[in-house]
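Protein chains in written order, with this note's numbering: chain A, 1 to 284; chain B, 1 to 417.
Calculated from the structure, these hints are not laboratory results. Careful: at least some of the hints might be erroneous.
[Said to hold, decoys possible] Mimicking SDA-like on lysine to any residue, the simulated pairs with C-alpha atoms at most 25 Å apart in a straight line are:
hint, chain 1, residue 1, chain 2, residue 2
1, B, 21, A, 180
2, B, 379, A, 146
3, B, 308, A, 23
4, B, 30, A, 174
5, A, 142, B, 377
6, B, 26, A, 146
7, B, 26, A, 173
8, B, 22, A, 189
9, A, 5, B, 21
10, B, 25, A, 178
11, A, 142, B, 62
12, A, 5, B, 227
13, B, 407, A, 108
14, A, 142, B, 382
15, A, 142, B, 166
16, A, 142, B, 384
17, A, 196, B, 34
18, B, 379, A, 196
19, A, 54, B, 275
20, B, 143, B, 166
21, B, 26, A, 172
22, B, 96, B, 141
23, A, 142, B, 59
As the structure is a prediction and not an experimental result, all values here were calculated from the model.
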Amino acid sequence: MALPKYTEPHYRIWHYFYLFVCGCVFFFLIAPLFVIFPLSFNAEEFLVFTDGMKRLDPDAFSTRWYKDMVYGTKNPWGLAAKNSFIIAIFATIGSIILGTLAALGLSSRHMPYKGLIMATLISPMIVPLIISGVAIFFFMAKVGLAATHLGIILAHIILGTPFVVITVTATLSGFDHSITRAASSLGSNPFNTFMKITLPLILPGVISGGLFAFVTSFDEVVVVLFLAGLDNTTIPIQMWTGLREQLSPTILAVATCLIVLSVLILVTAELLRRRSERLRGINR
Amino acid sequence: MSSEIQKILSTDGIPLEESLKKAEKKNKIKAFLLVTPLLLFLIITYIIPIADMFSRSIDDKMVTNMLPKTYKAMEQWDGKELPPEEVFEAFYLDYKILVENKTAGKLQTQLNYEKNGFKSVLKKLARKQKKFEDGNYKEQIMKVHKRWRNVEYWRAIKRRAPAYTYSKYLKGVDMYSNEDGKIVQVAEDRRIHRILWSRTLEVAFFVTLFCFLMAYPIAHLLATLPMKYSNLLMICVLLPFWTSLLVRTASWMILLQQQGIVNDFFVWIGLVTDDNRPEMMYNKTGTYVAMTQILLPFMVLPLYSVMKTISPSLMRAGKSLGATPAVAFFKVYFPLTIPGIGAGCLLVFILAIGYYITPALVGGASGTLISNQIAYHMKSTLDWSFASAMGLMLLTGVLVIYWIYNKLVGVDNIKLG
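Starting from the given sequences, assemble the full structure and let the hints guide the process.
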């Protein structure tokens, strides 16, 4: 954003002030994430930068907290990671299937009561998590699914489907329905048409919705806090417990791993978004 | 006349109109069937349980079920003078069963809520009733404790007769219905819930305001910069968005602690002295700072998607017609971004009003919000009906905002990423 040469001085000052403010906001957004990274390599047990670290003394850094995370005695992270992945993967699959079907129905121009149904399907995203947590807990306790993996998976499907519905509906908004009609007129049955024509075209939307569902489940604490028993502990639950009781560098090691994971997810989501826009012919 | 107009027939001889209607209906059913699995799933596991919270929040059958005979006998009693012998007899019989089943404690606690001092009276009766003789229960009960002659205690029992109550909702706004059935406020030093409600609204409002003030310039920058720079900067918005909430809260806990980097910085620039470091965590400051950073992406993204569609030539046209940049901005650009502002503000406000994790971790006692109170009653006091009542009060507020959001923006216009 170079300024033209004829810009008057006070606009020039204003412009640099504006850039400075933007810089501060970007710093505010991103900088907190970078604090965790160096501190997770702290050789000491404190969560502050030691003098050694400030001098970049190699002895002040160590990977002991990562070792503790993986090999530590009676540490909960292994079980928590396993549970988190199992729950998130099944919740994602469930959300994708239910959400995509619903989005296909909602995008049809024949759909009755579209607004009402859409509002209902999106509601788990809008209702405060604490209320969802209470309601889902009452339900799961009644049907005997509290403190089970299945109960948590179902709860996360509830929370994840709105994202799939939104992203897939968005993808379908640029969808040319005449090509499915063309497929049918050429003798394809509805199932084949879906698998060979519709699905490949809406796949970026489905996957990015799936990513949202995955992250939602993987990061979800509030509902799991109500539902989980000792065997169902997840990474967020362990972090929550750790943060409440004692902030240890091991948590920072876990947090660093989670940041790396979110970078991977961000890259995937971004690539998918671009591909989807290219496929739909939206060039910006 | 009209009957003479020949109807257009489709190939199989059915009028086209009918055949079209049939096809439309078929399509309608098809579309609906696709939505049905998710809709049913949500209704059963989510919508009905939320509705069920309502019946839980007004449920007051416990006392009613414990004293069935008493309440039947009390139907005739007008509550002005001491009840007749039948009521005493019925109460004696009900209470005897409770004492034998060892569930009298619950009744004692519940009735003590209604009238202070009821517990000791009932406990004494539990001990003495074993020696009761048949008949003339009124005399015998009144002999056990003189308070049984006080009609207030009998009125307290009668007040608990209805199987439903709205007292939990009154409790949620620090009110209760007193002995005369009037709704009054609790003592001033015990009005904790009203403080929490107003604090929740205050935090949600200011977090929304801060988010807006910070998001507007950067969304503008992102929308006007050339693609290759803006993509890079967009990562700064999207990376926090995709990062675990707990990780972000943890980083704020590290930054804001007393020996943390923010305080180090303040000492370094000489804002505070080293032994006088301000407390920035476990109070409202921590809640504000952390929540603003965490919810900022939800404001940037809707603003950005609106600003992206505003053509830069509009501002140029304004300026070429003689407006100063400031006037051009406020008269041309700003009004065009209002849909984005509305979407972002409502989204952030809705998310902030129900926030739980961050206030619980960095908020301390003075920074906790209404959700923390709900969780407290769910997990610690186990007063689930009160938690349900407060949850529904919060939900009503959120649904009103959601309804406004839907009217203004439309739920199907929500954009992610």
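- Message: Let me make sure I understand: some of the numbered hints might not hold for this structure. Which ones are they, in numerical order?
- Response: 6, 9, 18 and 20
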